[in-house]
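Number of protein chains: 2
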Amino acid sequence: MFSSLARCASRGALQVLKGASRTCRPVVVPCFGHQTLAAAPLPAVGGGAGVRQARARDHERLLQVEWDDGSCSLYPFTWLRDNCQCPLCTLQSAQARSLLLTDLDVHTGVDQVQLTENNKVSITWPDQHSSEFEPEWLKKRCFSPAARQARQEELFLNERDFWDSGLQIPTLNFEEVLHDDKAALDWLMALRRVGIVYLKGAPLEQGQVARLSQRIGYLRLTFYGHTWQVQDKTMANNVAYTSGRLSLHTDYPALHHPPGVQFLHCLQQAQQGGESEVVDGFHMAELLRKDHPDAFNTLTSLRVDFTDTGSDYCDFSVQSKNRIIDVDSEGRVVRINYNNATRDSTLDLPLDQVQPFYCSLKTFVELMNQPENVVTYRMEPGDLVTFDNWRLLHGRRSYQSQNGNLRHLEGAYLDWDEVMSRLRILRKAVHGDSECPNL
Amino acid sequence: MFSSLARCASRGALQVLKGASRTCRPVVVPCFGHQTLAAAPLPAVGGGAGVRQARARDHERLLQVEWDDGSCSLYPFTWLRDNCQCPLCTLQSAQARSLLLTDLDVHTGVDQVQLTENNKVSITWPDQHSSEFEPEWLKKRCFSPAARQARQEELFLNERDFWDSGLQIPTLNFEEVLHDDKAALDWLMALRRVGIVYLKGAPLEQGQVARLSQRIGYLRLTFYGHTWQVQDKTMANNVAYTSGRLSLHTDYPALHHPPGVQFLHCLQQAQQGGESEVVDGFHMAELLRKDHPDAFNTLTSLRVDFTDTGSDYCDFSVQSKNRIIDVDSEGRVVRINYNNATRDSTLDLPLDQVQPFYCSLKTFVELMNQPENVVTYRMEPGDLVTFDNWRLLHGRRSYQSQNGNLRHLEGAYLDWDEVMSRLRILRKAVHGDSECPNL
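So the protein lines, in turn, are chains A and B.
Counting from 1, position 346 in the first sequence corresponds to residue 346 in the working numbering; the numbering is continuous, with no gaps.
In the working numbering, each number is its position in the second sequence, counted from 1, plus 439.
Bear in mind the hints are in silico, worked out from the structure with no lab data behind them.
Keep in mind that the hints are not guaranteed to be accurate.
Claimed, not checked - Restricting the straight-line Cα-Cα distance to at most 30 Å, the calculated cross-link-like pairs of lysine-lysine (DSSO-like) are:
1. A:Lys233 - B:Lys867
2. B:Lys760 - B:Lys801
3. A:Lys362 - A:Lys182
4. B:Lys760 - A:Lys120
Start from the sequences, fold in the hints, and give me the full structure.
Shown next, in the form of structure tokens:
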């Protein structure tokens, strides 16, 4: 499907892209019989989907399920009662919980555990309410570390392939992505994993980024409009709307939740200049963590003010506080927020942290500008680039603005929640529910 | 302007609402002459806006500005060079930085510091580039803790008034808010500070939440549409679209960035039941922190899976991980994420944390359901309630669904960044730039 696959020609932490249809990793961990909670790690999913035995460990208030392959899983009584799938406890049409938390006994015991004829686990609770659980449903929700990790990767696809200047940007055909589910899935899987995908052959008229947004669901409106025209404008309300060089940046860190995904469609290119540049911000952040841990700590802890004022879709006066590098509670880099143009002159730092901040930022910016890290490409009319605006920094070389040959890109934003939603639906359409047979 | 002011009739941490036009607090801290960095806290803004003296402290690479009232402020050379306001360094039409970070010498000295005839601070840099700074501009950006705090409060209005069942919900006239800037500012100030504002007198037809969104800028589209109709529906894709009781919840924690603000317009009320309930989630979180610190720590640290699948604006399969209580790096509660209906059966916790999680959540939910904490009101046709969906939890009593008298609310979402943007613009329109004379 790809006319060129991502090539990862770099050092250290780089992973090799193994193809865009990889959705999850099977996890098979053997079970060591009826272990206690304090013993070895819990067994994960894997092997047979059938239940050999289910019994209550009343003292620990856990249900133990032994699978056909001999592995076993443990489930807390409270969690089982909370997730009863019966029509009283679950609104079936919305697949949402009807059971109120105020009605949940968080110290419940069980009256009886049975295996039904069709191998479901049936629990009768002390108030004689009963719940039935499908083996597959339980297996997917096993609490073992390996099963949890596999399930989370299935839901959120957080594994990424890092790259540098050697990247061959994954490329697909625009119309195929619009009309073929397999192509669309390949597109979104690579967008998630590599962070940038090039689409060729878009019609040479405005509206294509909106069409592509509809393929996913809807675009994200901002103060710059539903879609926006990147051109050299008089009285530009944004540095992007000039012919000047744009240094590597993420879009819209002046919002507390910057757009997750960006589309840029080339309608007309400059005769000279205007080449695009991108860098893998997650990769750069990991290099910074490794080689300049103090700078990494500074940029992941200090919150910096960003500002954006002007008028476009309507008048606006936007202010945010964002860390240049966002990490989650596990220390994983999850978002880069950096646009030097909208970094506010208001800097809410104690005086003695100002200089360390500038030195750290300078180190990070110098790192991302190293030629071995930057991918340069030149968009031609009909090209449409899609990229992860939480991960990539992008820039543009200056160009000659000429009458009669106005460089023109049309852009649009989307959010990752919406993109991931479409990815999950496409994955199910293409692979069915069984694309991860071990989950 | 308000037909009833918020009354804060509660204990402990409660603050009294002092009126909706309060925009910032003057901060006046005297300066103790030419103190060194290691000495007392830096002086804040306040007093005279004129500069008496400006001089370079070359060894520390700081500019010292002494104000007319004898207080003084210190500014790092690097920060001053970074924020040169000249047309080469700043794109004036966008009020954005043109100076590239790669061109910034983060170890710069200064060649000369002068006061101009019109009291600007003029700096000549070693490369003979020169920068001029307005006294007011500098004063606003003073690095003293008090000045920074005042500036941040001006920008983000993070002070909140907590409340309980004694709250008299601030109430305004719908058409006045649409057409009068002062009324609109009062509305948004109270929405920020109290978290809920009632608007009376909206026309009895759909489209009013959209009109009100346009007063701010634009609404936030979600998978439930631009606006959405809360009615008893067959095959409901959400528990809200039934006639059942809705326990206290925030909307859309299945998104990683749930909507910040919610509008609900009553077009038709049930003959029996359907009363609305709200609770101040930030207040509840502080009570939890005080009385049940372990539960607070659990709910602010563990990330919980939420899920929402179905079809409405288009088909969707949304998944998120959110903490029930979000705190920022200073420990301040900034968002509640809790909807028991969309809390996923997938629970990504180690087995030994499952029971503490349920016990903590139960404690929090019992706290928010105490009658002394809950405000109950009944919407009548033409009422439109606006509230902070990051702060309030809201619910609904069950109602009798009858043919010919279908309860009907229309709702819409917005994000706080857009609302705060409009608030800043309205504040400037109503009070001018000088509403905070001490900043």
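Each hint tested on the structure:
1. A:Lys233 - B:Lys867: holds, 27 Å
2. B:Lys760 - B:Lys801: holds, 19 Å
3. A:Lys362 - A:Lys182: violated, 42 Å
4. B:Lys760 - A:Lys120: Judged against 30 Å, a Cα distance of about 29 Å means the pair holds.
Checked against the numbered hints listed earlier, the structure breaks hint 3 alone; every other hint is satisfied.
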